[in-house]
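Using the sequences and the hints given, assemble the complete structure.
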Amino acid sequence: MEKTLSELAEFLGGELKGDGTLRLSGVAGLDEAKECHISFLANPKYAAKVATTAAGGVLLPPGGESHGKNAIYLANPYLGFAKLVTLFYVHPPQVKGIMPGAFVGATVSLGTDVTIYPGAFVGDGVTLGDRVVLFPGAAVYDGAVIGSDTILHANVSVRERCRIGSRVTIHNGTVVGSDGFGYALDGEAHYKIPQVGIVVIEDDVEIGANSTIDRAALGVTLIRRGAKIDNLVQIAHNCVIGPHCVIVSQVGVSGSTKLGKYVTLGGQVGVAGHLEIGDRVMVGAKSGIHNDIPAGEVYSGYPAMPHKQWLKAAMITPKIPEMRRSIMALEKRFKELEARLSASKED
Amino acid sequence: MEKTLSELAEFLGGELKGDGTLRLSGVAGLDEAKECHISFLANPKYAAKVATTAAGGVLLPPGGESHGKNAIYLANPYLGFAKLVTLFYVHPPQVKGIMPGAFVGATVSLGTDVTIYPGAFVGDGVTLGDRVVLFPGAAVYDGAVIGSDTILHANVSVRERCRIGSRVTIHNGTVVGSDGFGYALDGEAHYKIPQVGIVVIEDDVEIGANSTIDRAALGVTLIRRGAKIDNLVQIAHNCVIGPHCVIVSQVGVSGSTKLGKYVTLGGQVGVAGHLEIGDRVMVGAKSGIHNDIPAGEVYSGYPAMPHKQWLKAAMITPKIPEMRRSIMALEKRFKELEARLSASKED
Amino acid sequence: MEKTLSELAEFLGGELKGDGTLRLSGVAGLDEAKECHISFLANPKYAAKVATTAAGGVLLPPGGESHGKNAIYLANPYLGFAKLVTLFYVHPPQVKGIMPGAFVGATVSLGTDVTIYPGAFVGDGVTLGDRVVLFPGAAVYDGAVIGSDTILHANVSVRERCRIGSRVTIHNGTVVGSDGFGYALDGEAHYKIPQVGIVVIEDDVEIGANSTIDRAALGVTLIRRGAKIDNLVQIAHNCVIGPHCVIVSQVGVSGSTKLGKYVTLGGQVGVAGHLEIGDRVMVGAKSGIHNDIPAGEVYSGYPAMPHKQWLKAAMITPKIPEMRRSIMALEKRFKELEARLSASKED
Numbered sequence: 099m100e101k102t103l104s105e106l107a108e109f110l111g112g113e114l115k116g117d118g119t120l121r122l123s124g125v126a127g128l129d130e131a132k133e134c135h136i137s138f139l140a141n142p143k144y145a146a147k148v149a150t151t152a153a154g155g156v157l158l159p160p161g162g163e164s165h166g167k168n169a170i171y172l173a174n175p176y177l178g179f180a181k182l183v184t185l186f187y188v189h190p191p192q193v194k195g196i197m198p199g200a201f202v203g204a205t206v207s208l209g210t211d212v213t214i215y216p217g218a219f220v221g222d223g224v225t226l227g228d229r230v231v232l233f234p235g236a237a238v239y240d241g242a243v244i245g246s247d248t249i250l251h252a253n254v255s256v257r258e259r260c261r262i263g264s265r266v267t268i269h270n271g272t273v274v275g276s277d278g279f280g281y282a283l284d285g286e287a288h289y290k291i292p293q294v295g296i297v298v299i300e301d302d303v304e305i306g307a308n309s310t311i312d313r314a315a316l317g318v319t320l321i322r323r324g325a326k327i328d329n330l331v332q333i334a335h336n337c338v339i340g341p342h343c344v345i346v347s348q349v350g351v352s353g354s355t356k357l358g359k360y361v362t363l364g365g366q367v368g369v370a371g372h373l374e375i376g377d378r379v380m381v382g383a384k385s386g387i388h389n390d391i392p393a394g395e396v397y398s399g400y401p402a403m404p405h406k407q408w409l410k411a412a413m414i415t416p417k418i419p420e421m422r423r424s425i426m427a428l429e430k431r432f433k434e435l436e437a438r439l440s441a442s443k444e445d
Numbered sequence: 099m100e101k102t103l104s105e106l107a108e109f110l111g112g113e114l115k116g117d118g119t120l121r122l123s124g125v126a127g128l129d130e131a132k133e134c135h136i137s138f139l140a141n142p143k144y145a146a147k148v149a150t151t152a153a154g155g156v157l158l159p160p161g162g163e164s165h166g167k168n169a170i171y172l173a174n175p176y177l178g179f180a181k182l183v184t185l186f187y188v189h190p191p192q193v194k195g196i197m198p199g200a201f202v203g204a205t206v207s208l209g210t211d212v213t214i215y216p217g218a219f220v221g222d223g224v225t226l227g228d229r230v231v232l233f234p235g236a237a238v239y240d241g242a243v244i245g246s247d248t249i250l251h252a253n254v255s256v257r258e259r260c261r262i263g264s265r266v267t268i269h270n271g272t273v274v275g276s277d278g279f280g281y282a283l284d285g286e287a288h289y290k291i292p293q294v295g296i297v298v299i300e301d302d303v304e305i306g307a308n309s310t311i312d313r314a315a316l317g318v319t320l321i322r323r324g325a326k327i328d329n330l331v332q333i334a335h336n337c338v339i340g341p342h343c344v345i346v347s348q349v350g351v352s353g354s355t356k357l358g359k360y361v362t363l364g365g366q367v368g369v370a371g372h373l374e375i376g377d378r379v380m381v382g383a384k385s386g387i388h389n390d391i392p393a394g395e396v397y398s399g400y401p402a403m404p405h406k407q408w409l410k411a412a413m414i415t416p417k418i419p420e421m422r423r424s425i426m427a428l429e430k431r432f433k434e435l436e437a438r439l440s441a442s443k444e445d
Numbered sequence: 099m100e101k102t103l104s105e106l107a108e109f110l111g112g113e114l115k116g117d118g119t120l121r122l123s124g125v126a127g128l129d130e131a132k133e134c135h136i137s138f139l140a141n142p143k144y145a146a147k148v149a150t151t152a153a154g155g156v157l158l159p160p161g162g163e164s165h166g167k168n169a170i171y172l173a174n175p176y177l178g179f180a181k182l183v184t185l186f187y188v189h190p191p192q193v194k195g196i197m198p199g200a201f202v203g204a205t206v207s208l209g210t211d212v213t214i215y216p217g218a219f220v221g222d223g224v225t226l227g228d229r230v231v232l233f234p235g236a237a238v239y240d241g242a243v244i245g246s247d248t249i250l251h252a253n254v255s256v257r258e259r260c261r262i263g264s265r266v267t268i269h270n271g272t273v274v275g276s277d278g279f280g281y282a283l284d285g286e287a288h289y290k291i292p293q294v295g296i297v298v299i300e301d302d303v304e305i306g307a308n309s310t311i312d313r314a315a316l317g318v319t320l321i322r323r324g325a326k327i328d329n330l331v332q333i334a335h336n337c338v339i340g341p342h343c344v345i346v347s348q349v350g351v352s353g354s355t356k357l358g359k360y361v362t363l364g365g366q367v368g369v370a371g372h373l374e375i376g377d378r379v380m381v382g383a384k385s386g387i388h389n390d391i392p393a394g395e396v397y398s399g400y401p402a403m404p405h406k407q408w409l410k411a412a413m414i415t416p417k418i419p420e421m422r423r424s425i426m427a428l429e430k431r432f433k434e435l436e437a438r439l440s441a442s443k444e445d
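Note that the protein sequences, when read in sequence, are chains A, B and C.
Number 209 in the working numbering belongs to position 111 of the first sequence; there are no gaps in the numbering.
Number 178 in the working numbering belongs to position 80 of the second sequence; there are no gaps in the numbering.
Number 225 in the working numbering belongs to position 127 of the third sequence; there are no gaps in the numbering.
Quick caveat, the hints were computed from the structure, so don't treat them as lab data.
Model, not experiment: these values are computed from the prediction.
Positions of the beta carbon are idealized from the N, C-alpha and C atoms, including for glycine.
Misleading hints may appear alongside valid ones.
Stated by the list, open to error - FRET-style restraints, in silico, Cβ to Cβ: (1) GLU395(C) x ASN141(A): 26 to 32 angstroms; (2) ALA204(C) x GLU374(B): 55 to 61 angstroms; (3) LYS410(B) x GLY394(C): 34 to 40 angstroms.
As structure tokens, this is what we get:
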């Protein structure tokens, strides 16, 4: 596919400066781009590269220096880049129907143009929306509901009765609806609390690979619309992940914790159970959250504290041994001084 | 299914107070319950909700205030709740036999009433006990042994020659018997230590989703009876997880470490290799264990220390910068004082 | 299989001391070995066990005391052990061809002697080298390339167009080529940055179970030759993992970070994005890396610092409350002293 720079400017709603008739066929970073590519400046740190890039055109922020290059000016060049990558490289999945070797149970409701690969499994009473794609080894247990344009990659499991919205993508190996982790001590043994609730995933959610979203004990574990969850993330039973949250890789959220909207949790963060994390809270990578956090706060550390406070404490941590030596030296000097003063008094 | 309150009291061995003829059809939390439900008070914090719940009956601890509600008194209402959820909602899995699309190898020994879903794989020489269920994509490699009433969910792998007991449930995507991580440096490259041992999982164990239990280098990685392991947990080669241990999500236990019985490891804990963790030890979430821990201790932190000590240290951590300022101020005042004293002496 | 001690000495290039005609049939630890076994002393801590082992022969380091046992002396007994375990117990996988129930797409290029188990999936345009083994549920998406003697265990996913070298082993459930985690805010919602790059894994790499290696946004996520990656590890988009790196379980490496050669990351380490970690750097378990690390350094802690510094800081951390009390006591004593001095001056 080729597009002229004018066409791209119009597609993005940006302002063209330069040769609008230039034909471009792809997108690349400033370093890698050739003349057939459009590139972009997202981080001002790399502004000098605009002068040296071989790209045929560059997406620039308002006021960005074009160094004589063909440019499209727009408010958010990074978003523009994303849209052009989509335009040039992303194609709707090919509709392949129910392929030989796919397993489809009884009383299943199928939308139009579904694709079920060999080795995928659809249990009894399942509902699949239009254009759903189930890759090989995707297992949809009895009674689950999958919305339109949702894609389950290879070896994803969706357990019994869970409900997934439309335009959801779930990457390989992720598990939706495994049992929550709950036991009551019964004499010497752990008696299992049956986990009879479900998981509900709303529209436009994306979940990475090998993550696990546990079903509720009773009721619902809820992933709200537009939330984005990375790889190897654990969401425990009865959690609510608010709309448009961003949960980075290897985060663990314990049972019954509720996240507001637009919460960002950095990689490897752990959140204890039964907490409330307010809207737009941001938590630094590897932090451990033991308490509620009010809306809008930025937290870091283990245990977590306001980010600025943590930055100061973290910077001084390597100096703790030196601090201890200072304290001991002060105590010694002080003792000597007191001894000296007593002695001089007795003089 | 409906049960009278009398029947439920008898089933639980509790003491009925109220209308024993009331017919109930399910279990729900105090907030969500309707008249057809039985609810429960497990946490005294919520005692006031007993007055306002719409539940037809409530499980109460000895001496709990019933606020005029129908009640069943018993020592552990949370356990009673678990048992009633089991009674009302949990049904033995349907026996489906070897379904079309299931792959069963040669010289396999099958118990009675097994269920093997399409896409599940049973290698050569495998033994499956009675009523075993293998969901789609469960892969049991050659020579493995699976005990009676054990359930392997979709996309679980049990590697060659591993042995799993009875009444074990393994949730989706979990891997039992992958190679332990061991290499010896051979000149410039890492030479693999072949991992020729196995994993043995005893009876009544439950393992969550996407966890990994590595096979031993030589000998056995052992998960003892009644242990409960959550999602995304890593158990390395040659570990022993003692009876009735509770291992929360995203924990990692390094090679050859041995846990006693009833050990609890909180979420995201890491335990170094070749350690001994005593009976009934509890470790707080996100802790890092570098040393043995004697039986009965409670530890937290990174590196871990007795929990009470950690609580104090953690509370003061945000104040470290302030402490440093105090030390520097003291040093300055001290220097000034010494100067002043020297001066006054010279007077 | 049986081998004489002479044959083993010759195979290992070691020096025999004792009865070279003794026939041995396996390898075992010093404690577990019987007369038919050869054992080894890798850790000098266990030297006394050489006297008491029942092993027919022992691998010893130069100058090691044999206590009258048959011995083979060699520079690295641990490596010798690994080689003997391979000799006695490791057999090349049986060639089984394309088994019934395997799914093979169109225009696939297959090497000689491949094994494709039932339930494995090979997409259109895939290339498989000689002797490749795909276990059940392994899913190789369209256009991927898999080198000779590479083994994909059950339920591994290799996504579209990714390229894997020769003699690579990937354990169960691992995902190669899932989408990197990248979004640009578009008004109220997250607009997905399409991840149109690939993953390239070079020769002689081993990856554990349930790990995730994300494909690049543009370009390549690269795992270089001989790198060893454990279970549940996350490698984000556009990372480079250098030759012969060792990445222990549950590590997370964020986007675009580059590791040199022979880097070792301990369990549960987290590395931020866009960093450079130099050759032969070692990072202690559970550390959090926020900055570049120069070649050859050893780091630990969260945030990470030079290991020796961290050891000192970590040892003193439990004493922080005591330090604070000391500071407060000093301040009090100082105030009293100043008061006393003022008073005595006024005398």
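Hint by hint, here is what the structure shows:
no., hint, result
1, GLU395(C) x ASN141(A): 26 to 32 angstroms, "holds (27 angstroms)"
2, ALA204(C) x GLU374(B): 55 to 61 angstroms, "holds (57 angstroms)"
3, LYS410(B) x GLY394(C): 34 to 40 angstroms, "holds (37 angstroms)"
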